[in-house]
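K.L.:
Using the sequences plus the hints, can you model the full thing?
Each residue of the sequence shown is one higher than the last, beginning at 264 in the working numbering.
Any given hint might turn out to be false.
[What the hints assert, rightly or not] In silico lysine-lysine, DSBU-like type, Cα no more than 35 Å apart, as pairs:
no. : residue 1 : residue 2
1   : K311      : K348
2   : K348      : K363
3   : K277      : K287
If you're looking for bench data, these hints aren't it; they were derived computationally from the structure.
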Amino acid sequence: MKDVKIDTLETMPKLLRILCIKIKSLEKTVQRNNGSKGKRMVCCSSLKKNELAFIFYILMDEGILFFERNGPSQNRSLLQTFFEKNFSYGGETGLQMPLKSISREFSEAKGYTL
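P.N.:
Structure (structure tokens):
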């Protein structure tokens, strides 16, 4: 684009075509990196699964994090699903592992927080 002068009306169509090509290229890159690989970003943690679940349970139990303030069982279900979809933990091998199911860990946390 260095050879195109912006100060004339004749150059505008060429600039718009170049801009359109650049935008389409960027869109393809974003789609390739997000959509086709099926990867989505999750929040990673260095904590173990039970440690992460324990922290989440305390935040939920104390009413700090909530979806439904008036429905504790519905709130637990909604938050648990949210955590499972959006967080990973430090696995035994040192790699990030998807949180998947934390029902057992939530139950264990409930025993410690009573």
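K.L.:
Is the Cα-Cα distance between K277 and K287 35 Å or less?
P.N.:
holds, 15 Å
K.L.:
For the pair supplied as a hint, K311 and K348, confirm whether the alpha-carbon distance does not exceed 35 Å.
P.N.:
holds, 16 Å
K.L.:
If you draw a straight line from the CA of K348 to the CA of K363, is it 35 Å or shorter?
P.N.:
holds, 7 Å
Checked against the numbered hints above, the structure violates none of them.
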